[in-house]
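With the hints as a guide, dock the two chains, each given alone in a separate frame, to form the complex.
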Amino acid sequence: MTTVLRDAWSTDAESLRRLVDPTRGIISARIFNDRDIYQRELTHIFMRTWSYVAHDSQLRNPGDYVTNFIGEDPVIAVKDADGSVNVLLNSCRHRGLQICSTDRGNARLFRCPFHGWTYGRQGQLVGVPKMKEAYCDELDKSARGLIRVPRVESYRGFYFANWDENAEPLEKFLGADMRWYLDIPIVGALGGLEVMGPIMKYKMKANWKIASENFAGDDYHVLSTHGSAFRVGFLPDYDLVADYIAYFENGHGMGDIPKPGRMLANDMGMVQALGLGPEAVAYVKAFNERLRTRLSPRQADIHGIGEGNIFPNLSWIKFGCFHVFGLFQWQPRGPGEIEVWQTVFFDSAAPQVVKDYARMEMSQENAASGIFGPDDGENFERIAEIMRGAVTRQTNFDYSMGIGHEGEVVVEGLPGKLGPHYSEQNHRNYYRYYLELMTERGN
Amino acid sequence: MTAYLSDLKVEIETFLYHEARLLDDLRFEDWLNLFTEDMRYWMPIHETLEDEEFHDPIAGEWAYMEEGKAFLTTRYERLKSGMAYSEKPRSRTRHFVSNVLVEAGPDSSVIAHSNFLMYQGRRDKSEQFFVGRREDRLVRDGSSWKIQERKVLLDHRVLPRAISVFF
Numbered sequence: 089m090t091t092v093l094r095d096a097w098s099t100d101a102e103s104l105r106r107l108v109d110p111t112r113g114i115i116s117a118r119i120f121n122d123r124d125i126y127q128r129e130l131t132h133i134f135m136r137t138w139s140y141v142a143h144d145s146q147l148r149n150p151g152d153y154v155t156n157f158i159g160e161d162p163v164i165a166v167k168d169a170d171g172s173v174n175v176l177l178n179s180c181r182h183r184g185l186q187i188c189s190t191d192r193g194n195a196r197l198f199r200c201p202f203h204g205w206t207y208g209r210q211g212q213l214v215g216v217p218k219m220k221e222a223y224c225d226e227l228d229k230s231a232r233g234l235i236r237v238p239r240v241e242s243y244r245g246f247y248f249a250n251w252d253e254n255a256e257p258l259e260k261f262l263g264a265d266m267r268w269y270l271d272i273p274i275v276g277a278l279g280g281l282e283v284m285g286p287i288m289k290y291k292m293k294a295n296w297k298i299a300s301e302n303f304a305g306d307d308y309h310v311l312s313t314h315g316s317a318f319r320v321g322f323l324p325d326y327d328l329v330a331d332y333i334a335y336f337e338n339g340h341g342m343g344d345i346p347k348p349g350r351m352l353a354n355d356m357g358m359v360q361a362l363g364l365g366p367e368a369v370a371y372v373k374a375f376n377e378r379l380r381t382r383l384s385p386r387q388a389d390i391h392g393i394g395e396g397n398i399f400p401n402l403s404w405i406k407f408g409c410f411h412v413f414g415l416f417q418w419q420p421r422g423p424g425e426i427e428v429w430q431t432v433f434f435d436s437a438a439p440q441v442v443k444d445y446a447r448m449e450m451s452q453e454n455a456a457s458g459i460f461g462p463d464d465g466e467n468f469e470r471i472a473e474i475m476r477g478a479v480t481r482q483t484n485f486d487y488s489m490g491i492g493h494e495g496e497v498v499v500e501g502l503p504g505k506l507g508p509h510y511s512e513q514n515h516r517n518y519y520r521y522y523l524e525l526m527t528e529r530g531n
Numbered sequence: 076m077t078a079y080l081s082d083l084k085v086e087i088e089t090f091l092y093h094e095a096r097l098l099d100d101l102r103f104e105d106w107l108n109l110f111t112e113d114m115r116y117w118m119p120i121h122e123t124l125e126d127e128e129f130h131d132p133i134a135g136e137w138a139y140m141e142e143g144k145a146f147l148t149t150r151y152e153r154l155k156s157g158m159a160y161s162e163k164p165r166s167r168t169r170h171f172v173s174n175v176l177v178e179a180g181p182d183s184s185v186i187a188h189s190n191f192l193m194y195q196g197r198r199d200k201s202e203q204f205f206v207g208r209r210e211d212r213l214v215r216d217g218s219s220w221k222i223q224e225r226k227v228l229l230d231h232r233v234l235p236r237a238i239s240v241f242f
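Residue numbers (our numbering), protein chains in the order written: chain U, 89 to 531; chain G, 76 to 242.
Looking at chain G on its own, in the form it has when it is part of the complex (with noise of 0.2 Å):
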């Protein structure tokens, strides 16, 4: 089996559940604080391929999402704007993240997977449902950690409807 570390588990899960409060409560700017300034935010599309051609996504084609910190604050920026009517009165989120799993990474970082299960309702009864997994390299800042790189898999090939929320 992989070797987890199980002395930093608690930590990086409560680390994990903080950020997913952060979005429930749609503190954004909150959230965005938890990654670092030279941080990758990757949500590449997931193909139905025959297993002899199965292979993870490829780095460099086109993506969900694919962008850094400049770009996220922009977004956070639209939807201060008033005008950004996907989120327009906003959506109700609840995240659940579970399996959490964390590996050492390279120069003292930490690998943290986990799995999510995101609801999300609009309006009356516009809802939906997000699952995938994601994999984090967290770095330390000071007594904390911060997100350097989040690799978003979702699970579904044809989205439910498209994405005006974060995972």
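Here chain U stands alone, though its shape is the one from the complex (with noise of 0.2 Å):
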């Protein structure tokens, strides 16, 4: 594998496609590192995809907000009076000062501190202080509105946001087969998911694509990285857990799929091994039977899902009843620094002493203070440390995992390309569709 050493470069097409060749699985390093295809990741890909900024249920009366960010720009999404969602990028029109500083709470209005100006919740200028003595009363109000993301769409409760006015529909870019898995965890619950408590935020030196692609289903690093967690038996054997990967259009993927009938045997041999008593017992059924019910006999089968990655920088984890539904959000903060957003969710009408098992595994497990997160960061950070060398940072990273073997994998009645436990055809998928969004014309 030759590398590609040249100084003189730049953003356009014809460059991009030299720097990631999904089909021979060749990806530069430059794409992990460079400040100008960081920038252009921000229009480019922030600007045009659906991002997650909320749920309902951190969202239930009117007023209620919460601050998030979609690439870099600060946001909020604030529930109006007719129960719809407001997505107002959280910059005064005046001077530009951050509005909302608070992580989440109930507001009626939104005052700026630097001159007093003030705003609703569809983020319209309403109060501009000294209106007749200051701007005797020429100030066209209507047109200093908070900047509004134009898109705002819900899925199952989950509300993303998007600055692409002709975007498809939210749930077409999810796809109905991604939401086929997706909706096990979403519809399964028996009181809907409620999140479990603020969001767990925490920095990490690593470029926001590279914790991306290993959640869109790099299966082949658990056993290296996450080795010390089977050493102690935290998890069994990895080939009792999952069997598969899959990928889907629009550069989403996930691993870690049990065949069916797995997770639920999985799940049933935890709640005796746990001891967590006749209600847990009773809820893994219940949880089953709703699958089969209420979704289908075959989503039951497979009870469970795994881990996957929501396109761009969107990734979640559920593995079994008893697990939360964890959401990562990779939030980039230039090409080698993210902050990780981990928010939480679990059924509300879950026996408590499921909630607590489950939340406080979560803890140890994928979290800031888990025994598999910290792991993973490291590696991440070893990566984006290293990326200023002249030679370092323009090497070609090898993806070349299973080319030649996809389609192998066929499974009835499961969606999606499937693909063996350990395989790099998710990247090559994911970085597909990021080269198809990077080389469009115009911002």
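For the record, the hints were derived by calculation from the structure and aren't laboratory data. Note that beta-carbon positions come from the ideal geometry of N, C-alpha and C, so glycine has one too.
Pairwise CB distance ranges, derived in the manner of DEER restraints: (1) U/Ala-222 <-> G/Leu-192: 42 to 48 Å; (2) U/Asp-170 <-> G/Pro-235: 40 to 46 Å; (3) G/Glu-128 <-> U/Asp-170: 22 to 28 Å; (4) U/Ser-242 <-> G/Glu-136: 19 to 25 Å; (5) U/Ser-242 <-> G/Asn-174: 44 to 50 Å.
Taking lysine-lysine and the DSSO-like style, the derived pairs with C-alpha atoms no more than 27 Å apart in a straight line are: (6) G/Lys-84 <-> G/Lys-226; (7) G/Lys-226 <-> U/Lys-289; (8) U/Lys-289 <-> G/Lys-200; (9) G/Lys-200 <-> U/Lys-291; (10) U/Lys-289 <-> G/Lys-144; (11) U/Lys-505 <-> U/Lys-347; (12) U/Lys-347 <-> U/Lys-373; (13) U/Lys-293 <-> G/Lys-155; (14) U/Lys-443 <-> G/Lys-144; (15) U/Lys-293 <-> G/Lys-200; (16) G/Lys-144 <-> G/Lys-226.
Pasting the structure below:
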């Protein structure tokens, strides 16, 4: 594999295609460290795709809001009086100040502390101090509302926003195939999913795509990176956990898909081993029965799902019905840094003993202090840290695992392009879509 | 002013300094022995909220750490496995414990408040500081003490990095 060594280059389509070659599984380190490429990602990726911003259970009452980011743009997602959710750029129209500096809350009005300009829940400018004395009543308030993210849609309570007015509907972007799997934890929840507490946030020196592609279908790293978890018996033998990966249109992917029947059996075994009690046993059965009747027998056979990534940077994890449905937003903060925002959800109608188990288990596993999360973080850091070298920063990374073997795995009734447990087909799919967006014209 | 116990202050301070020393010296097994068998360790998430909506962290919500001795022991086993890459090579830490205040607790226990600042250095130059305070319930253990409950309140909203060392 030859390295592409060239000093002069740019972010035009031709140059990008030389850096990202999904067909041959060769991707240049450049896209993980270059400032110009990163800036282009902020416009070409994050201004054109659906970004998760909030969940129904965080916005129960009119005026409830949470602050989040789309790329590096801060937004406020606020519930309006009519139940709709508005997503507003968190930047005053006067001098650009971040108006809302809290994580969440309830507000009727958002007031900028600088000059006191005040906005309503639709972003409309309702209050300007000294309108007569200072502005002679001449300021056109209607033209100075907070910039609204034009498209806001919810998929079963999960709110996403998109700067692209012409974007296809959220449901179509997610696609029927991936939704088949995501519906399992979302619809399976007897009482619907609800947040289990505050969003956990921590910095990581990593490129946002390295984290995203990891969840999109890198099951190969588990035995090495997370070997210590197997060693202490926190996880059963990896071959007993899951069997397949799958990719979908629009760059989405998932891994650790259990073969039909496996995850339910694992959960039934777990509830006995952990001694969670008869309530928990009843819960597994009720959850699975609900999948069978509300969704389909095939979805009930899967029961558990695995982990995945919704393009561009929203990863999720869900192993069986005793596991939280955990979201990870890899918030980009430059080519070599991210903020990891973790929101966890669980079935509001689950028995308390099950909720407690799931919540504590996730803290111990894939979270800031977990015995999984930090090991991934360590790897990602060791990539980002050395990307300053003139040679290092433009070597080629290998994404060739499974080339020539795609399509060999077919399981009746399982949607998506399936693959074996260990393959980089999902990575190649991710970067195919990435390249498509990055090489399109215009901002 | 709150009735702080002055007669136990030096004893409790020494205990907390010793505890910090064990952590910095990577004597994790000895550190675990400073806790009772039924201990609970809770490190909640610190949100940024409007003053009017401010509340203390709520027990039973998703937190950084919420565990007992069994899982802390599992963490130790993991470190010994040689495959805990976030601690391979091991971090260099330096805990600074200060502002120790001791109050009487229920059933002859004491509540020890302390502030901490911890430096963590990894490999060449990956370095961070963590800052917060602890609220410990200590119970008598012969002539010494054991920690029955530890609450760690970090002052960061966004942590500087993931956590692979302890406070």
